[in-house]
Amino acid sequence: MPHDHHDHDNHLDPMEARTRALETILTRKGLVDPAAVDAIIETYAEKVGPKNGAQVVARAWDDADFADWLARDATTAIASMGFSGRQGEHMQAVFNSDSVHNLVVCTLCSCYPWPVLGLPPVWYKSPAYRSRAVIEPRAVLREFGLELPEGVSVRVWDSTAELRYLVIPQRPAGSEGMSRDDLAALVTRESMIGTGLPTGPA
Amino acid sequence: MNGPQDLGGMMGFDPVLPEPDEPVFHADWEARALGLTLCVGALGRWSLDESRHARESLPPAIYYNASYFEIWLRALEALLVRHGLITAQELAEGTAAEAPPHPKRLPPERVAPAMAAGTPYDRPVTSPARFRPGDRVRARVMHPRGHTRLPRYVRGHVGTVEADRGGFVLPDASAEGREDVAERLYTVVFDGAALWGPDAEPGTQVSVDAWESYLEPV
Chain S
1 MPHDHHDHDN HLDPMEARTR ALETILTRKG LVDPAAVDAI IETYAEKVGP KNGAQVVARA
61 WDDADFADWL ARDATTAIAS MGFSGRQGEH MQAVFNSDSV HNLVVCTLCS CYPWPVLGLP
121 PVWYKSPAYR SRAVIEPRAV LREFGLELPE GVSVRVWDST AELRYLVIPQ RPAGSEGMSR
181 DDLAALVTRE SMIGTGLPTG PA
Chain Y
1 MNGPQDLGGM MGFDPVLPEP DEPVFHADWE ARALGLTLCV GALGRWSLDE SRHARESLPP
61 AIYYNASYFE IWLRALEALL VRHGLITAQE LAEGTAAEAP PHPKRLPPER VAPAMAAGTP
121 YDRPVTSPAR FRPGDRVRAR VMHPRGHTRL PRYVRGHVGT VEADRGGFVL PDASAEGRED
181 VAERLYTVVF DGAALWGPDA EPGTQVSVDA WESYLEPV
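Chains as they are written, first to last, in the numbering used here: chain S, 1 to 202; chain Y, 1 to 218.
These are computed hints drawn from the structure, not numbers from a lab.
Treat the hints loosely; a few may be bogus.
[To be verified] Computed footprint of chain S on chain Y, listed as stretches where at least three residues anywhere in the stretch have a Cβ under 8 Å from a Cβ of chain S: (1) 3-10; (2) 38-51; (3) 127-133; (4) 138-151.
Backbone N, C-alpha and C fix where the C-beta goes; we use that ideal spot for every residue, glycine too.
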């Protein structure tokens, strides 16, 4: 990453210094409790992440009624598994098929379904991904190692409003009879954004 | 605004470089910047749309050279000064006089419920829908100076309404402090060739979620 770890002397990184200064001001003025900052960091560093989304996908593969519910009302269906809240208030599940591959982007900022995927990776927020996903999605997918067959069309969802999209990839061949936990282990973060596919069964 | 954030279709950036086993944060300050942004947001002095507008109002040369958390931190500083919560002098000095806790300061025990509750943006809209699924619509040609969520790459192009999502807070108004304005939101899908002409990759469709006033009938 170009923005970090240039500085190996004793001085603070400029952004580290700038952030500390702002936290000092906000704390002294009674606007922020640093313990609340700690709690937010703990939430998104340790509790909320793509393992949540993987459970949703695994259940959709394994439970046709749940998949129907997800297609009709993803917000409620996902909340029933305990995943709801900030940046997931209005969820949409989009299902890959033999003929359509879905890809999610936010060209205007970094909109991303936090309750099911956690915070977005750097590449998702990068100008490279945001600029190119809508004009050359197949070229972008190739950089992720994903070459789609010619007969498969690409549907790109630009998250320009408060709807947050979760891609439901196709269930991998050979995964019949696997437990839901084992299925969830096949579901990668990239497969739920559309820049990848689930891993195959071992 | 036609700011640096409106990236769809631009060229010249690097290849997309996914980082294997990427950590959630690449430095401590990134984590603190996230936490500060959410804590201050809980004071309720500005909307998410105003935050977005502050980020996209950064000069393009700064925006494109900054990591995303740097963009957040710079915008947070600007919002805090604009709304009088801190002063430019305090920011320059890096400290401030002690003050009692703000009545809406987010306590740690409220973090989990606040994150789990989120902030719903759907609103009842009583006017009849102007468009229905299947209708052909044109994304308006418009270049507002303020915040908007209609990306440039669809403006002037014709697509098809795929879904009526119901009423949602209108970001153009909400970014200016008018959070009571809502409009119907539609998912509109465009063929790649309609957006990009002969240079489009074959077999591509792109959709945006567009508020009713962003669209006109064809």
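These are the hints, each one checked on the structure:
1. 3-10: holds (count 6)
2. 38-51: That given contact holds, which follows from 4 residues of the segment 38-51 of chain Y lying within Cβ reach (below 8 Å) of chain S.
3. 127-133: n = 0 at 8 Å, threshold three: violated.
4. 138-151: Satisfied; 3 residues make the cut.
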